[in-house]
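Here the protein sequences line up with chains A and B, keeping their order.
Position 279, counted from 1, in the first sequence is what the working numbering calls 817; the numbers after and before it change by one each time, with no gaps.
Position 82, counted from 1, in the second sequence is what the working numbering calls 334; the numbers after and before it change by one each time, with no gaps.
Don't take each hint at face value.
[What the hints assert, rightly or not] Selected chain A positions facing chain B (in silico; Cβ < 8 Å): (1) T670; (2) L698; (3) T704.
It is worth saying that the hints were derived from the structure and are not from the lab.
Every residue, glycine too, gets a C-beta built ideally from N, C-alpha and C.
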Amino acid sequence: MLSGRTRIALAVLVVASLTFVILDLRGGDGPLSSARSAVSAVTGLLQRGAATVFSPITSTENWWSTWRNQAGQIVELRAENEELERALRDSASDRARADALDELLRVATAGRYRTLPAEVISVGPAQDYAWTVTIDAGSLDGIEREMTVINGQGLVGRVLKVNQTTATVALLIDASSAVGGRVATTEEIGIVAGTGRQDSLDFQLLDPLAELVIGDSLVTFGSSGGRPYAPGIPIGEVTDITGTAGQLTRVATVRPFVDVSQLSVVGVIVRPPREDPRDSVLPPRQQQAETDDTTSDDQDIPEQDGNEEADVDDGARAEVGES
Amino acid sequence: MIVRQGLVIGVPLLIASIIQVTLLSRLGLPGATPDLVVVTVIAVALAMGPGQGAFAGFLAGIIIDVSPPSDTVIGVNSIVYLAIGFVAGYIVDKRDLTVIVMIAVGGLACAAASLGTAVVDSLLGSPRVLWDSVPLITLTSAVYGAVLARAVVPLMQWLTRKLAPEVLLEG
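Please model the entire structure based on the sequences and the hints provided.
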């Protein structure tokens with residue numbers, strides 16, 4: 539049925555594929571890796587061009603998820619509305635204190651990380667199960683491997699590969715990523731590992747007896763030299779805890795602050811802060827709630843806050859679960 | 253002749269791979285990303301034949317594996333796509349290709365591609381494959397593939413007639 543030439547050509551292609559697999563699995567700086575970086579420099583350039591062409595479509599709100607999440611948004615907005623009304627009724631002194639805290643946080647945050655802004659230009663297909671994206675800044679802009687990538691919400695991921703004008707970023711939720719995390723306001727540390735799912739990370743506490751509560755925020759513990767992860771970056775919020783204190787396998791589910799389906803502008807930390815910024819980078823609302831918890835005896839308001847947030851979270855998670 | 257055939261196969265594949273990561277994967281569609289690259293591979297196979305289909309699969313796999321943001325082992329997609337391109341061209345006769353057949357092949361090929369890469373990746377020790385979402389990914393990928401095939405296969409047939417008519421005399 540097949541001619542001899544076709545059979546030989548097929549055999550050559552199969553053998554070539556297998557050779558590539560073996561060479562690539564062996565690792566190291568062989569001819570394959572240099573060929574790879576040469577080709578990816580070209581395709582990276584082409585992707586930059588194409589991203590510019592498609593930017594009117596990709597930069598608008600994600601129409602599909604917007605449509606899916608409308609029910610969730612109504613719940614969310616209603617909660618936000620109540621919160622705003624209560625905030626209006628709050629006493630002037632409270633508001634002044636909140637404003638002062640806000641200002642303080644903004645000042646503390648600014649200038650601690652020296653970042654280089656970049657835009658996400660391409661995203662790997664879902665069927666690869668790899669959460670990697672390309673950004674439009676590369677070695678020419680001073681990006682190096684293992685730099686931390688953040689955005690306005692928190693930790694996005696780390697730089698995996700660098701070309702001249704583009705770089706590949708492995709997102710926090712990628713199953714291959716593991717970050718040292720610290721529970722905000724405490725000294726408890728553990729490993730935050732990506733699961734490959736958009737809305738959950740696994741958090742394993744190093745100390746199985748440590749106290750952990752749903753709603754706790756996590757920040758990065760920081761790697762030595764700030765790479766691949768600079769210290770103090772908000773990671774996410776604990777939404778579920780399996781196992782009780784003292785059990786060896788005590789794992790918490792963490793919802794990342796960063797929504798990967800809406801990634802556009804990110805910042806690459808080119809120089810980590812000289813000192814660990816501790817919890818100062820966390821969103822002001824959590825900070826305030828923590829402060830209220832520890833400083834004032836008036837427990838009612840923070841507790842209501844916590845319940846409401848949990849409700850909203852459940853709604854959002856149910857939405858995601860359905861889709 | 254060989255060079256021209258190579259270009260007729262290679263250029264559409266390169267364009268497809270770029271559209272896939274810069275546009276299709278960012279639409280946020282449920283389940284899988286519409287696999288334009290696999291659909292282009294089977295379009296080549298259906299328009300030209302099994303040999304060209306296999307070559308298109310090999311080339312497509314290499315393009316995907318070396319282009320950012322891919323972090324897969326080079327060659328994994330090549331093996332899977334090569335098989336898909338060859339089989340698609342082998343079982344369907346390019347001279348009597350109906351719409352039903354191209355839709356069916358598009359759907360099956362995309363399902364096979366997402367299943368195949370998941371299996372090969374797991375065998376090579378990738379920690380990423382989420383087996384409980386594999387059914388959803390495979391199913392949605394098949395649906396998108398069927399829809400895309402309806403548009404891409406006729407386009408590839410037209411390109412072949414215009415630019416590489418000699419393949420139509422083969423086989």
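Taking the hints in turn, this is what the structure says about them:
1. Because the smallest distance between the Cβ of T670 of chain A and any Cβ of chain B comes to about 4 Å, under 8 Å, the interface hint for this residue holds.
2. Against a cut-off of 8 Å between C-beta atoms, the interface hint on L698 of chain A holds, since the closest Cβ of chain B lies about 6 Å away.
3. A hinted interface residue such as T704 of chain A counts as satisfied when its beta carbon comes closer than 8 Å to some beta carbon of chain B; here the least separation is about 6 Å, so the hint holds.
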